[in-house]
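Protein chains in written order, with my numbering: chain A, 450 to 1483; chain B, 224 to 775.
Hints in this document: simulated from the structure, not taken from any laboratory. Hints are supplied without guarantee of correctness; some may be wrong.
One-sided excerpt, in silico: chain A residues whose CB lies under 10 Å from chain B [to be verified]:
no., residue
1, Q1035
2, S1067
3, A1148
4, D1201
5, Y1333
Keep in mind the model is a prediction, meaning the values are calculated, not measured. A virtual CB, placed ideally from N, CA and C, is assigned to each residue, including glycine.
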Amino acid sequence: MVNFLRTRYLWCLLCTCHALCLSTARAQTSATGSPATQKLALTGRITTTTGEALPGVTVVQKGTTQGTTTDVNGNFQLTVGDRNATLTISYIGYVTQQIPIGSQTSFTIQLKEDAQALSEVVVVGYGTQKRSTLTGAVAEVSGRDLVQSPQPNLANSLVGRTPGLIALNRSGEPGRDGSQFFIRGRSTLGDANPLIVVDGVANRLGGLDRLDPNEVESVSVLKDASASIYGAQAANGVILVTTRRGTKGKPQITYNFNQGFSTPTRLPQMADAATYGQILNEIQYYANPGGGLNQRYTADQIQKFRDGSDPLNYPNTNWLKTILRASAPQHRHTIGVSGGNDDVRYLVSFGNLFQDGIYKNGTANYNQYSLRANIDANVGKNLTVGLDLNGRQEDRNYPLDSAGRIFRYALRAYPTLVAVYPNGLPGSGTDQGRNPVLQVTDALGYQRDRRGYINATLRLRENLPFLPGFSIDGFAAIDKLYQFNKQWSIPWTTYNYSATTGQYLPQVNPPSVPGLLQGQTNVTQITLNGRINYDRSFGPNRLSAFLAYEQSTYNSDLFTAYRSDFVSTKIADFYAGSESDRVSGQPFASARQNYFGRVQYNLKDRYLAEFQGRYDGSQNFASNQRFGFFPALLLGWRISDEPWFKTSGTAFVNSLKMRASYGLLGNDRIAQFQYLASYLFDPGYILGDSPVRQPGLTASTEPNPNVTWEKAQTANIAIDGVLFDGKLNVTFDYFNTLRNDILIRRNVSVPDYTGLVLPNENLGRLNNRGFDFQITHNNTYGPINVSVGTNFTYARNRVQFLDEVSGLPTYQQQTGQSISDPSYGGLLYRSLGIFHTQAEVDASPHVLGAGPGDIKLEDVDGNGVIDANDRIRPRYSNVPEIVYGVPINLSWRGIDLNILVQGQAHVSQYLLLESGSTGNFFAQDAANRWSPTNPDGTFPRVASEMLNSVNGVYQNTYWLKNAAFTRLKNVQIGYNLPKTLLDKVRIQSLRVYASGFNLLTFDQLKTIDPEGGSAQGWFYPQQRIYNLGLSARF
Amino acid sequence: MKRPRVLPLFHLFTLSLFLFSCSHDLLDKAPIDRISEDAVWTDAALVQTFVNSKYRDLSFGFNWNGDELMWASASDESLFSHDYGMWAINKGELTPSNLAILSSGPTEYNGNMNPWSKNYRYIRDSNIFFGKIASLPMDSAQRQRLTGEMTFLRAFRYFDLVRNYGGVPLLTQPFGLGDDYAATRRATLDESISFVVSEADKAATLLPVSYTGADVGRATKGAALALKARMLLYAASPLYTSAGSTVRWQAAAQAAQAVLALNAYQLYPTYGQLFLTANNSEVIFNRLEAQQGDSFLNLERWNGPNGYGGWGGNVPTQTLVDAYETLDGRPITEANSGYDPQNPYANRDPRLAATVLYNGAPYRGRTLETFRPGGLDSPEGPESFNTSPTGYYLRKFINESRDLGSATGSQAPWIYFRLGEVLLNYAEAQNEAVGPDASVYSAVNRVRARVSMPALPAGLTQTQMRERLQRERQVELAYEEHRYYDVRRWRIANTTENLSARGASITKDVSGKLQYAYPTVQERRFNDRNYFLPIPLKETQANPNLVQNAGY
């Protein structure tokens, strides 16, 4: 149904153009003065099978060019010259009908939906195209699939759904749980984020993350040169989101409700107190071997940690278990009304989303209210006006400390410390009184982030009857963001139990007085777009084109203020603070200006050609570098339409198309004004006989007057096939992208003694190539409908030029290798395991300070010493080269089952905790550690700071983990209640379902979620969600 | 239904868009969050502001890595308990590719301890300034003063480079993008020293002896002369001139004398308070912290005892503690010195109590308890992981009256140059140049008299005087970033820095009697190459003409 709605709306627009062509054709025919013997005036109305009027339907006298299209009420009038003629009624998405005229002059025709064709309209940049004649690499996910996922963040529902899209979910924190997108991997060393376009507006404020999936019609991903219509922002690919709109018919009220419970996918198992106590003993032993192995704790004390006989003095705390609850609730309500008549169609919806944090007594949560009204009106015969209003309130509440910080302290926290004493007083935690039990609450203060988004668009479209084939359209979009941030920090008290005195000594932790930091950001983005369209057919030729202008301006103002010395921790408002305060602000503005257009030529729907280009202006660059041209050529050949193909005995092939595209795309995502020499205010210096801070100025980066965008040359060759009466759909794309002028800093070849703060320069060159494919099988086995698919993406990048010093060994050069992982800087020594004995150490080259229990590093260049030349460049980074998804949909009578399996491969993650006397260890690492008493250990000997020990400072592959995984991403089982039952209660349809997200994960990194992306494990864990929902239509 | 007649509004709308498109100035945005280069270099007030931040960028001893680490802990007087990669220096394991705590990259602690990159970054700023200042519209007095300040600041940075690396590239013009960076060579050690000296001389002629009002704290003539004196003292030392040169020592003595001759400074009467008082009478050049509100230094917490909620960061070693004489003016190792091993902190040079917090020392209303069992500041006290491994805590710079929980930071100034140091510089240079004459005694005894230590005994030989002066510097200038460089320039680091760091382990027996032991806390190592730091690998890779320091 969702697809049907979308199809209708979109084709309304396109067919209006089509009608213009046809009516012109008719006029021409009449003008030539065909000798009609008897003119018959026919009238009719064309509707769907449910009786809804269909505007824009083509009605043609078969074998002639005489024809018309239906108006918004589905009515048509046509004059023909022959009663024996046949009318051909065609409308995209519906089965074409042939109707002999006979004696009838008035017709009521119902068109049947063509199930096959329904999915065949695809949203592309500035328009839509039929899937059958599409020439670009455009993947699409329908809103129907997105609602299967109970994940509250839309970004996380796209994963595994479409080939070519890599989506990495690094954190599960409510309100900050979005995915990072890479379309076909990374093609740049700089900003690789794709452009997000919502309802035709690029960079729409609010993005896509927080859209209610019930409001989303479809999401398209432009992967190849088809994105070039977005010019200097297109090189990383484009994601187009289209929201749902109203259709003509009786008002329909829909209500969706989801109640979910989220729980971490995986929590690390940390070492227990007895083990950690032994580790501390070993650390002390390594510092002072003469003192033996019980310098810190006696064997007796270790035993007390182990047996729990004295929990006050010898506790054994599982910190993660102490601060996290079993599950956190979340829910979403969406209520919508849609409908319309001949003149006005509307869809309004209201939604509420609430996500609670996983912390015990925690303050983290996310609450959202959203309101949408998409309205279309026919103002005149040729003029359509649309008004989209979207408002959203996003409230984020967090403890004072960020999730990264909380998990940092929770992983560090010693199991030998008491979290909360039996009398209820909190312990002091690892340091600075940062007891994670308190960190997750508002005991230290809190952070609030309130955002109000308004997205308003006025659309106009007018056909120009006096200019055959021409129409104009345009929109004005205003986006506003009001963001309010509040950070309230207060002193908090923790306690230290003194075994000698039996007292609980209070420790007041900073700040000594409450402090309040508030910020207010106002952002306005205005986008104006105007377009002239042309669309006409000449016999078998069809030509469509448009020329457009677009500009956008972005203005942001930030204002922050701070006060401290509050009289009370109860009042978190400025009036209760001291007179001494700090106020600051930061403005920002940017603008874009573009001219672009597209020409499509199509011969017999068989030979397809498309040229598009954008002349793009961005104020990020100097005035002589501002504009660039980004053209693309796309070609297609529907082989299956060739007469010879149809007779070649390949009847099982319903459709076969080859397509190819090539284009130039840009990426201008860099800091502004790098072409100007400028200075920024800094904290200054304190001077004076009564010292006060005096302002200071720092030069920003060295200017680069030639800075310009990155340029991507993208080629795509693909084949699309529909086989066995649609039972098998196959799409395979091969792509090759060369990115030039990548904006990087010459940090490596320019010595530090120059003192230069380097700007970005258009230096880098990188190749990214690979393939993606999608195979879908649809069939019916008895009463069971089955749809099984798979999508797969492989994208391998190789740096072709980068700023490198000469004389590097080839295995260290970035050139020819993949983009390195920023979490360790690209070069690692290669670990050969652990030195078990001093003899082993002496027998091989080793770094200064290495001894038994330390990691044996490979002498890669064989020169007998371990030095910087022995570092290698690991192949994989923490952005996977391979991602895949397997969606499975089954339905039987009223029951349906949807499953999504998703995974990634060719990916690694550097992972070295802040272990040592500074923090705890993963339990499995602690159990396997080398020690004088465990000389066969496989984990390095412990050190006061593993990060700064020889094993950590000489960063090596021991810490590089394979982060490949396969996940059971979504499961949804639903039941549609029988209509007979629902009729009694006046409900049109009612569906109940249960669903899950991230239910199972198979991977090799057993300690922590493999999708984390933090080298120290500092992230809020990804969430597993169990959900129950219902969906009703009245 | 009658449809409204549509006015051709929409055509106008579309047309107007295309007209808009002619307005190319849409993209002509001027920066609104920063100041253009032209604006800065035509406005005297903004140039002054630019110069201000060059002071801020000077490294100072309290938070080398943007956190609580002190450079003192790189030497035998101190130990940094939180590591942060300090071991690579303490154990002589620095290499060009393992700069550990001296890495220039963004670290977790967001600091930049790499003296190489940091100094050259701001030397470039100075060079830009010198290229612009001549043509700036401002009164000549202001121009002279600003030029003097920047000359001093650049010379100070070069001094820092020389003491850490030896001869370095002497850059006086700013590099531009695309210049030939590989043409740069290291100057010789002597050339580098001469450059610092001549620049300091130049600054001294441009700068006033003192300031008033809001300018107090800026570089003075005295600061420039003190810099010159320290550079020449280093230049005369064994590390810098293997031959040993009376001429060099004389130059160093004269330079120190020139500072004294300004008669602008007096020794501050109380040693401990000296380090808490901004712009005091002894200060030649210091870095201030604001008196309220916006200091982030938290010395009391960073370095304080665990029993008070401190983190025991930079803690004194037994080596430092043992260097303090008894009140009789004798080393504790000397027979009849009056040192009592059962009461080791009594009867000692008052500077010990002003520098080191030891067991039994009064602090914040009670006495320090590092004894076991049960001591509040021992591993059995609260937050045992913040216990000092040496059993000592830092007392110098610590303001006992400051609220430990206060959001506002410490206000201790960091003193770059003070009269006490210049007196000791003079005494050392003069002793080496002509032997222990009366002026040597006079200079060192002034420093000792301030803390009521007896004058040095008459009749010391030159060698005996050298030893006394070395110990005098060790205790007088402890934690002021001198020890690390002194032991190197004297070429004694291969002895002193090869000793293990030891601490005090105090046991209280049932009768309440304290037993003292001084176990090793950290084994240390020093190699000959460690007299200078390695130049970062990246630099010699980017410019193969840059010669690495010997041994690395």
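Here is what the structure says about each hint:
1. Q1035: holds (6 Å)
2. S1067: Holds, about 7 Å.
3. A1148: With Cβ-Cβ at 6 Å, under 10 Å, it holds.
4. D1201: Holds - the Cβ of D1201 (chain A) comes within 10 Å of chain B, reaching about 4 Å at its closest.
5. Y1333: violated (35 Å)
When held up to the earlier numbered hints, the structure conflicts with hint 5 and nothing else.
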